[in-house]
Amino acid sequence: MSRAALVGLAMLVSLGGSVIAADEARAIVAEAQRRTDATSQSYEGLLQVFDGKGKVSDKRWTLQRQGAHGQSKMVLRFSLPAEVKGVALLVVNHPDRASDQWMWTPAVERDRRIALQDRSTRFFGTDFSFEDLEERDVDQYDYVLQGDDAVDGAMCWKIQSVPKQSKSSQYSRSLVWIRKDNYVVARIDSFSKGEPVRRLTYTNITNVQGIWTARTLDMTDLRRGSRTRLTLDKLQYGAPMKDEDFTLQAIRRP
Amino acid sequence: MMLLRLMSWPYIRTHVLRTLLTVAGIVLGVAVFVGMHTANQSVLLAFNQTVDRIAGKTQLQVSAGETGFNEEVLETVQASPSVGIAVPAIEAVVDSGIVGQGNLLVLGTDMTGDRGLRDYDLEAGDEAVIDDPLVFLAQPDSLIVTREFADRNHIVVDSQIKLGTVLGDRTFTVRGIMAASGLASAFGGNIAIMDIYAAQRMFGRGRTFDRIDVAVREGVEVATAQAELRTQLGPGFQVDPPSGRGRQFEAMTAAYSMMVNISSLFALFIGMFIIYNSFSIAVTQRRSEIGILRALGATRAQIRWLFLGESAVTGLVGSLAGVLFGLLIARGIAASIGDLMSGVYGVAQRAEEVSTSPWLLGASLVIGVLTSVVAALIPARQAARVDPVHALQKGRHQVLTERESRLRASVAGLLALLAVACIAAGGSRITFYLGYVITIVVALLLGPILSLALARALRPLLRLVRPVEGALAADSLIQSPRRTSASVAAVMLSLALVVAFAGMARASYNSIIDWMETALNPDLFVMPSQDVVIRTLRFPEDMGAEIATVPGVRRVQMVRDARIVFRQTPVMVVATDVLSLSETAQRPPVQGRVDTMYRETAVGRGLMVSDNLAQLQRLSLGETLEIDAPHGTIRLPIVGIVIDYSDQQGTILMERALFKKYWHDDSVNAFRVYLDPSAQVPEVRQQILQRYAGKRQVFVLTNAELKAYILKVTDQWFGLTSVQIAVAVLVAILGIVNTLTVSITDRRRELGVLQAVGARHRQIRGTIWMEALSIGALGLLLGGALGAVNLYFILQIVQHDIAGMRLSYQFPFTTLLALVPTILGAAFIAALWPAESAVRGSLVEALEYE
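Protein chains in written order, with my numbering: chain Y, 1 to 254; chain X, 255 to 1104.
Excised from the complex, chain Y in its bound form (with noise of 0.2 Å):
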C-alpha cells in the first residue's frame, strides 16, 4: 500500500472516528435531558453568593417550570432578602433559539426584557448569568465526545458541546460531564474566547420522583474566584400547572 493511500485511510478513519464521537455525544446528552423530562418542576431555592472575602450573601427564591429543556416555561420569584421579595423573572425557553426573559419589579410596577445582549451580565449579582438560567436543549448545541473522566469518583462522559449559531451564546464551547450511572450532568466548564469563564458542578444527587437529580449546584466564576452555591428544596416533579401562570400578566401578580 502506497504512502498516499496510508494517509488516505487514516484520515477516513480519523473522520469515521469524529462522526461516530459526535453521534455516540449527542445520544449521551438525548438520553440524559430525556431521563430530566418531566412536565413540570418546582422548588425552593436557596442562593448563597460567596464573595473573594468570604462574606455569604443569601436570597431565597421559588421556581416553577411548565414542560422540560427547550419547550418549558419558567416562573423565579424572589422571597428573600425583603428588599428584592416579589421580584419575579419569566424565561420562555425555544428548542431553536435563546430564551425570552422578563423580569418584574414590584416596587416600581414594571416589567422589563432582559435582552438577548444583556444575557451575559451577571444574574443579580449572582455567579450566574442570565443565560445560565435557559434551560439547554439537545438540539441548540454540536457535540463531540472527547473520552471519559472521573468527578468526584463517579466516571463520565467528558463532552464538548458548542453552540450553534442560531444560540447566541456568550460562551463559545462547553465541557460537560455526564456521569456514566445514572446520566446526570456532574460539570460544566463553560469557555468564552477559548478561556474558562465558569464552572458548574452538580452535587447532592438524589432519586426524585424517579429523576435523578442534583440538589446542589455550585456555580465558580473563575475570573472573579467567586461562588454561588443553589441549593434546592422541596423539589418536586409533575405537579398539575397552569398555562396562564407562565404569562408576563402573572408574574404582575404579587
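Hints may be right or wrong, so weigh each one.
Below, a sample of chain Y positions facing chain X; criterion: calculated Cβ distance under 7 Å [as the list claims (entries may be wrong)]:
no., residue
1, Val-84
2, Thr-105
3, Ala-107
4, Asp-118
5, Asp-142
6, Tyr-237
Simulated from the structure, these hints should not be mistaken for laboratory data.
Note that CB positions come from ideal geometry on N, CA and C, so glycine has one too.
Could you slot chain X onto chain Y? The hints should help.
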C-alpha cells in the same frame, strides 16, 4: 536689534508709565478676547466632557430632540443586527436640596445592561448590595452618587437624601458610591444614577425614554450602524455620536458666541487706536533722535523697522500679559456663562475648570502682535519720512493739511456711498457685513476732520468759560488734529459699542416685556419645577382636568414645550390648546391673518411660527414646514408669524392634539390657569398646592412671579452685555488716560514755555483739565453719533444672525447721558496727574524737552 536696544530700550525705561498704558491697550483687547473665548470654550468643553463621561463607551445615541419616545423603540434598536448593546437613558436635573450644592444631574438607566456601556467603578459600601442590580432595581429609592458629592455632603452608603421629584420630595437611599473618575467626574461630580423605570415615575416620563445609548456590534462600522438605525427608525429620530449633543449645544449658544466675537473685535480695534496714538506721540518726541540717526546714515527702512519692531515687542508683551489676564478672568466669566446656559437654555453643565487651546493662545498672541504692528504702521511711516533738517520743527507733523482733509473727505464720501450700496443691496450677509466694516472705516477717516471741526466749534465756548486756559486748550486740540483725533477715535469707538449694546439691550428688554404683557397673562402657572426652563420634569395630562375643578379656576391651558431638531437646529415646539390661547392671549401677527391663523392651527391645518424662527430660518408665510417626529413627518403650511420669545432659536406653535399624534406624548410642562374675576389668587394658589401636597411636586407661580423670573433670566443674559459695556467704558477711560498722559508729556516744552513767560500753575492746570474735558466731550459727541449708526447694524445682526428678534430702534439717550459724567469724570481724573506733573516738574527740564 541693535537699534531696538540702543534707541527703544532707553526710551521705554524713561517712559515706563506711558509704555504701560500703551501695553494696557493690547492687554485689555487680548484679555477680553482670551477671557471670553476661553470661558466659552470651557463651558462647551465642560458640556462635552459631561456628555462624554455619561456616554461611556456609547458610540451612537438615538434621540428625538428633547421630547423622548416610546419604550418600544428600544426593542427595534436592540433587534438591529449591527447593535451590540442598547441601553435606554433618562436625564433629569433636580434640586439637590442641599444648601450650596445646586442641582444634581440624575441619570436613569437600566443597570442590567448598562454596565456594558458605563463603568460605575463602585468603590464603597457593601459590595453584595451595591454590586447587586437586583436590590438596586427592586428598590425605587436606590441611588448611586459620586465620591466627590458624597464627601462634600458627608454621605455614606445607606445615607438618605431628599430630592425633588414630580411626586414631591422623595427620600432616596444611597446604595453605592462611584469612585472619582470617568462617569463620576461628569457635571462636576453632581451626578447620581437611578434605575430607569424608577426615574420614569419620579420625573413624570410615563413610558418614554429620553434616548438610547448604543455600542455597535464587534466588527461593525459605526457609520454602518448609524445608517441602518436611521433607516429603521425614520427621520423623526436622531442617530448621532454623543458629540452630536455638543454640536447642538454650540448651536444654542451661537448667539452668545457672536456677541463675544463682536466685543473682542471691538476691544482689539480700540486697543489699536491706543497704540496708534502712543506711537504717533513717541515718533513726535523722538524726532530729534530720528533726525540724528538719519543724519548718521540710517535708512528710512531701518527707521520704519525700528518702530515696527518696537510695536511688535510691545504687542507681544501686551499679548502675553493679556493672555494671562484673560485666563485669570475666564473662570469668573465661565461661571457666569454656566449660570446663563442653565437659566436661559435649561442645559445642565458646569465648567469646573478653565480650559483653553494652544490654538486660541497662539491666535491671541498673533492677533495682539498684528494689531500692534498695524497700529504702528502709520507712525512708523511718519518716522521714516522724518527729514533730518526739519527734525526739530515741533508740531508741524501733527497738522492736518487742507489737501489731506480733502482727500480724507473724498475717500470717506466714496466709501460711504459704497457702504450704503452694500446695505441697500440686501440679500447677502457678506455685503451687509462689508457695509458695516466700511461704515466704521468711514467714521475713522472722518474722525480727524470732525474732531478738528468740533474743536474749532468748541473754542469760543472754552474761551467763554476760561479765556486764557480755554483758548490754549482749544488751540492745542486744533493744532494737533492727529493726536486729538486718535484720542477721540478711541473714545468714539468705545462709546459706539456702548451705545449699540445699550440700545440693543433696551430694545430687547422692551420687546420682551411687551411680549410678556400679552402672551403671559394667566393668573397662575402650575409647574413641576421652580426652574421654568427645566423641562425634564413633567405632569400627566389628567392633572389639567383636576386643576379645572378647583374653585375659582375659570380656564386651564395645557402647555407642552420641547426642543426638537428642525433643519439641524434645536428649536422649541410649543403644543397647547391653540383656540383657547387665541381667546386669552392673542398676539398680533407679524404676517398672517389674525382671524384665521389661530383657527387653522387649532384644527391642525397649519402651524404658527415665531418671528425669530422665521428670521433665522428664512421662513415665510404659506411655506410648508416639514417637521420630522418619531411617529411621522408633519407637513403643514405656516399660517401665521407672531412675536414670541419662548426660545432664542425660535418656536413652532402647534395644536396639542397634533403633538400627541406625532410624538405619542401627552405629558404637560405647565398649566396656564385663568381665574374667575371674583377669585382670590392667593386662595386658589393655596388650594392647588393643597390638592397635590405629598402627591406631586407642584409649584404654583403667580403672573408676577413668572414675569419676575423671566426678567431675572433676561437680566442674567443682559448681565453679560453689561460686562461688555463695562469693558467698553473701561477701554474708553483707558484711551483717555493714555492719550492725555502722552499728550501732556508731549507738550511739556510748550507748557514750560508758558510757565517761563509767567503762566500760573492754576492756568496750566486749567488748560490741561479743559483739554482733557474737551477730548472727552468730542469723544462723547462722535461716539454718540457713531453709536447711533452702530446700533442700526447691531440690531440688524441681532435680527438676522443672532436671535431673529425684530427690535425697534430706540437710541439709548439715558445711557449716553449717564456716560457724560462718566467719561468727563474719567477725563478729568486722567488729567490730574499729568497736570500736576506739568506744574511741579523742573522748568529747565521742560524747556529742554525734545
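Verification of the hints:
The closest approach between the C-beta of Y:Val-84 and any C-beta of chain X is roughly 5 Å, which is under the 7 Å cut-off, so the hint is satisfied. Hint status for Y:Thr-105 relative to chain X: holds, with the closest Cβ pair at about 5 Å, below 7 Å. The beta carbon of Y:Ala-107 comes within 5 Å of a beta carbon in chain X, closer than 7 Å, and the hint placing it at the interface holds. For Y:Asp-118, the interface hint holds, since its Cβ comes within 7 Å of a Cβ in chain X; the closest pair sits about 4 Å apart.
The interface hint given for Y:Asp-142 is broken, as the beta carbon of that residue sits about 22 Å from the closest beta carbon of chain X, more than 7 Å. Annotation: Y:Tyr-237 was flagged as interfacial toward chain X, and the flag is violated, the nearest CB pair being 28 Å apart, outside 7 Å.
Hints 5, 6 from the list above are not met by this structure, while the remaining hints are.
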